[in-house]
Amino acid sequence: MLKKIIVIICSILLFFLLYFLQSNVFSWFHIAGIKPNLFIILILYMGLFIGKGFGFTMGATWGILLDILSGRIIGINGIMLGIIGWLGGYLDKKFSKDSKLTIILMIVGATILFELGICILQGMFLGSSISIPYFLRTIIIESIYNIILFIIFYPILKKLGYYVQDVFKGNHILTRYF
Amino acid sequence: MYRKNTTGIIGIIVTIIILILVVIFSNINNNNLSYIESAVSTVVMPIQSGLAYLKNKIAGNTSFFTDMETLKKENEELKQKNTELEQSLRELEMIKAENAELREYSAMMDQYSEYETIPANVINKDISNYSRVFVLNAGTKHGVQEEMAVISESGLVGHIISVTENTSKVQTIIDPASSVSSTISTSRDGIVCKGDLEGSNQLRATYIPTDANLLQGDRIETSGMGGIYPKGILVGTIKEIKNTQNITDRYAIIETAVDFDKLETVLIIK
Chain A
1 MLKKIIVIIC
11 SILLFFLLYF
21 LQSNVFSWFH
31 IAGIKPNLFI
41 ILILYMGLFI
51 GKGFGFTMGA
61 TWGILLDILS
71 GRIIGINGIM
81 LGIIGWLGGY
91 LDKKFSKDSK
101 LTIILMIVGA
111 TILFELGICI
121 LQGMFLGSSI
131 SIPYFLRTII
141 IESIYNIILF
151 IIFYPILKKL
161 GYYVQDVFKG
171 NHILTRYF
Chain B
1 MYRKNTTGII
11 GIIVTIIILI
21 LVVIFSNINN
31 NNLSYIESAV
41 STVVMPIQSG
51 LAYLKNKIAG
61 NTSFFTDMET
71 LKKENEELKQ
81 KNTELEQSLR
91 ELEMIKAENA
101 ELREYSAMMD
111 QYSEYETIPA
121 NVINKDISNY
131 SRVFVLNAGT
141 KHGVQEEMAV
151 ISESGLVGHI
161 ISVTENTSKV
171 QTIIDPASSV
181 SSTISTSRDG
191 IVCKGDLEGS
201 NQLRATYIPT
211 DANLLQGDRI
221 ETSGMGGIYP
231 KGILVGTIKE
241 IKNTQNITDR
251 YAIIETAVDF
261 DKLETVLIIK
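Protein sequences appear in the order of chains A and B.
Using the working numbering, read the first sequence as starting at 1 and increasing by one per residue.
Using the working numbering, read the second sequence as starting at 1 and increasing by one per residue.
Worth flagging that the hints you see were computed from the coordinates, not collected in a lab.
Only a predicted model underlies this, so the values are computations on that prediction, with no experimental measurement involved.
Incorrect hints may have been included.
With beta-carbon atoms standing in for the labels, derived distance ranges [claimed, not checked]:
no., chain 1, residue 1, chain 2, residue 2, range
1, B, Tyr115, A, Ile151, 47 to 55 Å
2, B, Pro209, A, Lys100, 52 to 60 Å
3, A, Leu116, B, Gln245, 24 to 32 Å
4, B, Thr42, A, Ala32, 30 to 38 Å
5, A, Ala32, B, Leu54, 20 to 28 Å
Incomplete in silico selection of chain A near chain B, CB under 10 Å [said to hold, decoys possible]:
no., residue
6, Phe39
7, Leu69
8, Ser70
9, Gly82
10, Leu121
11, Glu142
Just so you know, even glycine gets a beta-carbon here, dropped at the ideal spot from N, CA and C.
Next up, chain A with everything else stripped away, as it sits in the complex (with noise of 0.2 Å):
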């Protein structure tokens, strides 16, 4: 119990890193003025080592405070958060998380449905009008730097990950089969 409120703890405090991270270090490196978006795949990997639930919970969360520090109206991080983090745990599964590739591809396909649900919530919610050519633009870019941000950090989500996955599921696993 101890190790879940640390662990816990511990991503709160990466939640405000990555915020950092990404407000300020990502609005210097950036390809062709594009943002990577280390939140899909922290959720997403929330969601594929903890489970469906904490994966929403945690995308719901740290959406909303997204919103509330930077967006314009509160919730639309939150629910595509969300979604990301649930989606997460429902691959988990139907495939192996222990392939590089097949978390790349699950990277993208997030990449491209949170960009798609913000485009839609904000042009329902604000009126913005997003061009075609720039969204396409957006979501290949976005989706190869999440791509190299995911392959440098790989080694170190893995072991985090699985950590992560015995503190919160323990035996589950095994007990699953009999």
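Here the structure of chain A is known, so what remains is to put chain B in place on it, guided by the hints.
Frame of chain A, contents of chain B only:
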């Protein structure tokens, strides 16, 4: 197992519905949430300000060194001149140069002297790729209110969309949700400038009157309509005119006067 799954899905659907309701209610009345916003920004603001300060310091330092080099060069040149020219002539030249610089400065001050302004720094930029919202380090404590216009020394930046005690969010004119009612300074034709994400410093001018005469390089100013932006603030210049088959659909690309990538200090018009 099956029951558990279905209840889990129902739970998630209910949460999604609640989140959608949160979105809708937050649109109806944003004031209810501002105290949460205030609390969160109070925690984050000092770190954010610190990081912005560091960034500015680093960016400032590089220009400082280049300035030093140019100054050294100038100094050497002046020393050489000193041997050649008489003392009085040199003094006269220095006064001349200083005079020109001061004139330029006072012209800039006069441009915005009619407005009462609050200075602020940009401390954070939007994390999303689909919106261009900046966070400033001035809030209600400094007298900032919603819907105040924000300018920089080179032109229009945007307007305030939400305020907390110490911070405020600016929707810049390059945001896709922004549209500014403007006029072409030469022909006085009215147009609407919408945010365009294609370039970091460009707008798309639409609703161009069919009889309007557009020229590349024309200056675009705010028209004062709409009640947010005061009249006569420079928005940008026409970069390109795109003619379509139907003349009513034609649009122009406008290059903003403000460089949003390097924007650091702004003025909020009271």
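List of violated hint numbers, smallest to largest: none
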